[in-house]
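**Student:** Residues per chain are reported as follows:
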Amino acid sequence: MNDVVVNKVRKGFYLDSVALMRLSRKIAEKEGIREAALMMGTPQNREIMTNAGLLEEAGRAAEGGDLVIAIRAITRETAETALIESESYLDQPMAAGGEGVAWRPRTLRAAVKSMPEANLVLISVPGDFAIAEARKAIRRGLHTMIFSDNVPLEEEAALKREARELGCLVMGPDCGTAIINGTPLAFANSVPRGEIGIVGASGTGTQEVTCLIAQYGGGISQAIGVGGRDLKSEVGGISTLMALDALEADPKTKQVVLISKPPPTEVASRVLERIAACRKPVIICFIGSGELTMPTNAVQVYTLKDAARKSLGLSLDGIENPDSVRIGQARRACVHGLFSGGTLCAEAQVIFRAAGEIVRSNSPVPGASPVNHSGEGHLLLDLGDDQYTLGKPHPMIDPTVRDEMLINSVNDITVGIILVDLVIGYGAHEDPAGHFAKILKANANNDQPIILASVTGTDRDPQNRTDQIAKLKSAGVLVAPTNADAANWAITAIQSRRGEVH
Amino acid sequence: MSESKVKKLLDEPLRVVNIGLEGFATELEQQGVKVIQVDWSPPAGGDTKLANLLSKLGT
Amino acid sequence: MKIIEDANREALKRMLSGDPVLVDVIPASAAIPELKQRMILHAGPPIGWDRLCGPMRGAVTGIAVFEGWAPDLEAAENLAADGAFELHPNHHFDAVGPMTGLTTISQPVMVIENRTFGNRAYCAINEGLGKVLRFGGNDEEVLDRLRWLRDVLGPAMGKALRSGDGIPLKSLIARGLTMGDEMHQRNVACSGLTLRALAPALATTTTSDDGLPEILAFVGGNDQFFLNIAMAMGKAIMDPVRDIDGSTLVTAMSRNGTDFGIRVSGTGDTWFTAPVEMPEGLYFPGFTESDANPDMGDSTIVETIGLGGFAMGAAPAVAGFVGAGAASGAAVFTRTMGEITFGENPEWTIPALDYLGVPTGIDIRLVVETGLAPTINTGIAHKEPGVGQVGAGVVRAPMSCFEQALRGFAERIGVS
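Residue numbers (the working numbering), protein chains in the order written: chain A, 1 to 502; chain B, 1001 to 1059; chain C, 2001 to 2416.
Just to be clear, a hint being listed does not mean it is correct.
Within a straight-line C-alpha distance of at most 30 Å, the following computed DSS-like cross-link-like pairs (lysine-lysine) qualify [said to hold, decoys possible]: (1) A:K254 with B:K1007; (2) B:K1005 with A:K232; (3) A:K310 with A:K280; (4) A:K252 with B:K1007; (5) A:K113 with C:K2036; (6) A:K252 with B:K1034; (7) A:K113 with B:K1056; (8) B:K1049 with A:K280; (9) C:K2159 with C:K2036; (10) C:K2002 with B:K1056; (11) B:K1056 with C:K2013; (12) B:K1034 with A:K26; (13) B:K1049 with A:K11; (14) A:K113 with C:K2159; (15) A:K232 with B:K1034; (16) A:K26 with A:K11; (17) B:K1034 with A:K254.
What follows is a list of derived Cβ distance ranges for each label pair [claimed, not checked]: (18) A:F13 with C:K2036: 51 to 59 Å; (19) C:S2017 with A:R22: 37 to 45 Å; (20) C:D2269 with A:S114: 53 to 61 Å; (21) A:N2 with C:D2072: 55 to 63 Å; (22) B:G1023 with A:M115: 43 to 51 Å.
Quick look at which bits of chain A chain B covers, simulated, 3 or more residues with Cβ under 8 Å [stated by the list, open to error]: (23) 59-71; (24) 162-176; (25) 304-316; (26) 349-362.
These are calculated hints, taken from the structure and not from any lab test.
We treat Cβ as the ideally placed atom computed from N, Cα and C, and that holds for glycine.
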């Protein structure tokens, strides 16, 4: 063996043995080094180094309080370089630890232990597990918001029954939006505080109403989400009723707004019965529902826009008309609506139906036809529906879901108007208008359809509504103040076009 | 009383445990809301039989 | 389930109310009357000679020569292979032992009395570092040291302890935690505190002719002297927690170099075993992972009571043994172990974690649910007999032990 052994002893130099073992390994891993040890010179350590063929005279003379640097390498030069390197490691001050290594709880139990004052658990794990986590939460007396969907209806009902017993609120499953005591949760917008409290079984419906209230100068006390299926017969509106109780007791709330798809008769009557007993005025928007008998303290409205206006005591008439919405000569008077918000799609359908237009949709409101229904009519699609989002993010998060259909519609000669919604706020894509404008510009067409849009959001949202509108306008998009107005503009245009043709 | 407990939630600043999408926690933090993110993984490593047993034994 | 919660609360109460005191050192034959000639107690769950790992075989042959059952190591090995020695786990006889952990008739054992419950637990005296029996070392130097422990240190320590009221350990551990010990890898502070408590009595009861200078030098020079005391203390604390119907808390974790085994309060004396894992760690010069024997020893009893890997936050330097090993990561180990324990120990706290109590009472439900296996700080033995320690590091308890235990527990209380 022609290895060279080099020792150096530092008198009275102490370093922790673990730190020394780590240094030893670092040196030993270097090219050309057979073995390396940095050890305090105790008899046991000297024996270990002797056995490893690392000690020469200098090291053998070391004592317990001395640090021995012992290196065996293939050449003297390598050994001495490594020795210098070892010494420089010993002499250089440790880099500041900085933030150090952060701990994160792995379970709800540990999270609550480290934050005992927690009052809400926000759950967005896959549906199979969401209910189990929510059950753990309510059993600890915590309210929950379940963003996850794909939860069996009977499990939702069982969870909510147990939560009611425990006095805990369950928002969801499939609850996208809430604003609790001024804090937007998941997909929600930054709106001023105010006196209007919302109970919403629809995420985008709640977003549109809260943003319009802000746009009209009002504010929100609370927006409690209950999940899209809370008013189904199996669940019976457990969370809706608890939310109504809470808003009635909430001194900040003066006016209540309830937004949902039309509930089955028996659930509707139970909810209306509760509302009749409420000491506060209530506005009810069962989007797509026909006229119902209302208690004296309640008013029924049929669109999200009207829910917002009525809640502030504003008149319901008056559509702001744009200067001109004229459909190009080469185009026919068919509307393609490509919506990211399910309830925004439903509101547009309601407005089209009320104007006597024929509508097809993948989630039709009463009076509209299913999308596979043959024949004429406008096509209003909810692109957030499972059939489009399977394995993909929701179009509010990833707007590319809409791109291909948008391009097809632009190039479809039968289409006179393309109607879209852009939803901004927390949780949403960072720049949906920028993306939309880019796709439009890249696929511009000499005689393209009118693009009509509305932007759900506020200027306090991270994306800034005014900026988003400006980006759309610069791409030639007509922007209406509300989703309902966009639908009305479209109807005005197609009906006047029919007049021209006649 | 369910009324008082839910009403209490509406009176207090939110303090959130977030289980799932981390973006929700980040956005809440940016708004100055106290939030703790759970580094979640399926219970019992996704073994449904064991997970089912655990849910009966309770934790 | 309420019965489980109640049972675990009772188990934790018993753990926390234990009052362990080091009271004596006596021959193993006096401590454990069942011990007879040719009977060897070993670390870990039950195992036979055929499946013993290298260092365990080395220790068995060494102890057979020490006890005079064989003239030399070769003869001892032949006898062992013929089944001449009876092998039993320490745990079945109120005892524990580190690494190979052998306990035989003439070795001196330290006696820990749990004064709350009146039970006693035993462990042999730590031999120091280097080539030692607990790492499978068995040459004359090793056996000579065992003879010295038997003839000099053991009797002297016993005499000194008997002259007073013993050394209470609960408060000593509390101080050690504030001084950077976690009582598995690192026992520097507690070893010093013990010597400090023992020295006045030793000076009175032992003379230079009885080896006092050697005794003081040996104990004072052995940073791991306290480990064996901590282990017997762990055993003394945990034994009263055994056999509580409905409790899912672990009462023992232990390994024999081949199998890792756990016992759970609510499942009585059953061992749930799985193959041991390889530690991840740092090696002494001249050795690498390829020299290492898998995990071994009863010392995991200290993790069972919330020390060792569970108290890593108190001993940041020890975190350096693992992976990237930032010292600031030590706290993460302790907090992570907090996810699998039923409670904390309010008397054993970690200053750097704002006096968080060490996580206490490993709950098999939480281990299985989180997939977080207990973290164990450990020494690493050479896989060949007779070589000794080659490194130190950290190892995880095998998850399968806890899964089996959970199924066994559920069956026992009629849940499927």
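**Student:** Of all the hints numbered above, which does this structure not satisfy? Sort the numbers upward.
**Tutor:** 5, 8, 12, 13, 14, 15, 20, 21, 22, 23, 25, 26
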